[in-house]
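**Student:** As a plain string of letters, each chain reads:
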Amino acid sequence: MATEDIKIENKPSFKTAASYFDSKNNGNKKKTWKSLKQIISSEKTLPWPEGTVLYSSINAPPSFRPPEKFSDLSGLPALYTDPATRLRYANKEEYATILDLPMDITAGYLALRGASSIVG
Amino acid sequence: MKMNETIEFDMVDIKRQRIDNKNHIYGRRYDKPKMKNKSENPEDEFVDESRTVIIDSGAYTIKTELASKNEPMLIPNCIMKAKAERKRLFIGNQIDECRDCSGLFYLLPCERGYITKWEVQKPIWDQVFNKTLCPVNDKHVLMTQPLFNFKNIQDCTDEIFFEEYEISSLYRCNPTDLVALKYGLERGMRRETCLVVDSGYSFTHIVPYINGKKCSNGIRRLQIGGKMLTNHMKDILSYRQYHVMEETYVINQVKEDTCFVSENFQNDLKIASEGASKNHIVRNYILPDFNTIRRGYISDPDRIKDMHENCQVLRLNNERFAVPEILFTPSDIGINSVGIVDCLIDSIKLCPRTYHDALARNIVVVGGNALLPGFKNRLMKELQSRMPAKWVVDITVPEKSTIYAWQGGKSFLKQHGSVEKFVTKKEYDEFGSSGIQRRFNEWKTFQEEESTKEVEMKQISLIDHVNKLNVFSRQEDLVDQVDSIEQKELSQSYVLDGSVTSNKSLSALEEGSTPGLLNLFDDKNAVLTPPPSEKSSEISICSESMSKMKSSQEENLQVKYFFQNEDSEEENPLNLDFI
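Which chain is which? The protein sequence lines are V and B, in order. Throughout the first sequence, residue numbering follows the UniProt record's numbering, covering 1 to 120 in sequence. Throughout the second sequence, residue numbering follows the UniProt record's numbering, covering 1 to 579 in sequence.
Keep in mind that the hints were calculated from the coordinates and are not lab data. Beta carbons are placed, not taken as given, at the ideal position from N, Cα and C, and that holds for glycine. Please note that the accuracy of each hint is not assured.
[Claimed, not checked] Partial selection, computed: residues in chain B whose CB lies under 7 Å from chain V:
1) E111
2) V120
3) F148
4) N149
5) R221
6) S273
7) S277
8) F328
9) S331
10) G334
11) S337
12) V338
13) C343
[Said to hold, decoys possible] Lysine-lysine pairs mimicking DSSO-like chemistry, simulated, CA-CA at most 27 Å apart:
14) B/K83 / B/K255
15) B/K117 / V/K44
16) B/K376 / B/K131
17) B/K270 / V/K69
18) B/K376 / V/K69
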């Protein structure tokens, strides 16, 4: 209700920003909004003077420290990796459960760690 | 015809004045005495607090209220769909009316902190800025925007606020500006030098401020925020205990209630793997059922299942500190990025050397993640172990870290809230959104040349000393930057020959360097251009004195940087130095 109130109150201004947002009146005619990826890539193509600080240039630098290894199941420090599934585990009880896990769950675990590639 | 001509002439004149005043670096000097006169008479110059709304629009909550109030309202910046009431959309604070918050589905207007889904944002703003909650029409609005906000996002914001909500004037700035301002005031600094760490929902920004100005080179963004922590918690809990992938709302509460930042991660892990008797970390969290229990809570270990028979219990062990640990070591979940501590150090190192100490002494952490218990201590501990021993690290975490920026808005209005700063609707109608955006960005942007002066002066005399030893000629490098590529190659061959003579360069120094610099300055229109990186290698190929060079390479880079940024005035003492 509240949103309607405002719309009625506002006189139609010259550029009518409302027409952009009012999906009921406008349908899908003006869907020109870019996603963030598009915005970033379009920003990169602009002729910026050298050394300008942009969105893409302030990213945190990559880490050079090798990541520590944690068990995928419990989050404890993992000393071992199962060669078949590439899952990491901390002790033999966890290994026993790994053996029983179906494929989709092991894949999910790997994706969770961000190691979905085979090399991981 | 005559009328038209005169009007046109006036318009051109006005535009020219505007450009001269705002964009030209020399204009700023003449502005200063004017400003002083104005502040003598603050009453008619400053905006009326009771007619000014401060909006700190974050990706997760919008903090908004009239400037005359003490604390803002926190309104979720999202549209939610509940499973219990399928037909209804809950916009912003309407979620308070929702009885069953299980399986809440979020529509978020922001993508990585930047508003991109306007069809979601608009209804939320409509809800927030309507008559009952926080009306903005015919009011002054001070609004925040994320760092490096994109132009088309700013365009759209202007359009909505001026044309839809009909506000009378608008000012936009970064939340970190306001934080730095408030911090400076609290510490009694007139020109604040501090390092603002804003760890919010979408990302963590680290922004150094030097003498009240934002040092753009030193800004770092860590793509980790509260959203990622909640999502990761959802993931691991879903694999380890219940399937909670759809329970963002509940898990966010779990995170807020139970998570803490471990001060000694390895040690805490060991404790967490112990049995119940030695383990003081494990907690049982009673999940809400939205029937008898409205919000989850940590249960008393002695009285489990005393109070509620059928409640679901979430057992939290190492999850409690492993989740916030992502902020410190993102590589744990496969994000190839340094943690927040390395980011901080990186950011400090990118600033001029004289200010390193001051920055380390004045670190202020705001944002929702700063509320995690232990955050400050951990940061302190890691920073101290990584920084030079004589530096004093001091970290301030405000008690209400989420609304600190909003409160900073209040002090902004008191300090800098002159009417002239705000862009009125009239000006917007005249110049359009892109015309006024410059005015939002000029306050508190980097002016590094001002700050680097002192250090670099010494280094130049050092370089000069090296010059006399015929190692290389700095002046030719300068000429390089101004002149065409041909000359560049020529001078390069000079250097490579190893027959660099300094008599030419000495004369060039006294006479030639100044006009050269001015040219460069005007050409680039006051834009900072760090030297191309090949230059340094070019010089370092110098024939014999490689070992001497190695020590001074770093300074050499900085010196050139300094020359490019320098005003003509500030250069004079430098020349004297050489003579």
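**Student:** Could you run down the list of hints and mark each one as holding or not?
**Tutor:** A quick look at each hint next to the structure:
Hint status for B/E111 relative to chain V: holds, with the closest Cβ pair at about 4 Å, below 7 Å. With a least beta-carbon distance of about 10 Å to chain V, the hint placing B/V120 at the interface is violated under the 7 Å criterion. Evaluation of the B/F148 hint against chain V yields a held restraint, the C-beta minimum of about 4 Å falling below 7 Å. For B/N149, the interface hint is violated, since its Cβ never comes within 7 Å of a Cβ in chain V; the closest pair sits about 9 Å apart.
Here the hint on B/R221 is kept, as its CB sits about 5 Å from the closest CB of chain V, short of 7 Å. Interface restraint check for B/S273: the shortest CB-CB distance to chain V comes to about 5 Å, inside 7 Å, so the restraint holds. The beta carbon of B/S277 is not positioned within 7 Å of any beta carbon in chain V (closest approach about 18 Å), and the interface hint is therefore violated. At a threshold of 7 Å, the smallest CB-CB gap from B/F328 to chain V is about 11 Å, leaving the interface hint violated.
The restraint placing B/S331 at the interface with chain V holds, with a minimum CB-CB distance near 4 Å, inside the 7 Å limit. The interface hint given for B/G334 is met, as the beta carbon of that residue sits about 2 Å from the closest beta carbon of chain V, less than 7 Å. Checking B/S337 against chain V by beta carbon gives a least distance of about 5 Å; that is within 7 Å, so the hint holds. Restraint check, B/V338 versus chain V: the minimum CB separation of about 4 Å is within 7 Å; hint holds.
Hint status for B/C343: holds, given a least beta-carbon distance of 5 Å to chain V, under 7 Å. In summary, the hint linking B/K83 to B/K255 is supported, as the alpha carbons are separated by about 22 Å, within the 27 Å threshold. Only pairs whose Cα atoms come within 27 Å are accepted, and B/K117 paired with V/K44 is accepted, the gap being roughly 21 Å. With a C-alpha separation of about 40 Å, the suggested pair B/K376 and B/K131 falls outside the 27 Å cut-off, and the hint is violated.
For the hint linking B/K270 to V/K69, the alpha-carbon distance of about 14 Å falls within 27 Å, and the restraint holds. Note on B/K376 and V/K69: the hinted pairing holds, with a Cα-Cα distance of about 26 Å set against a maximum of 27 Å.
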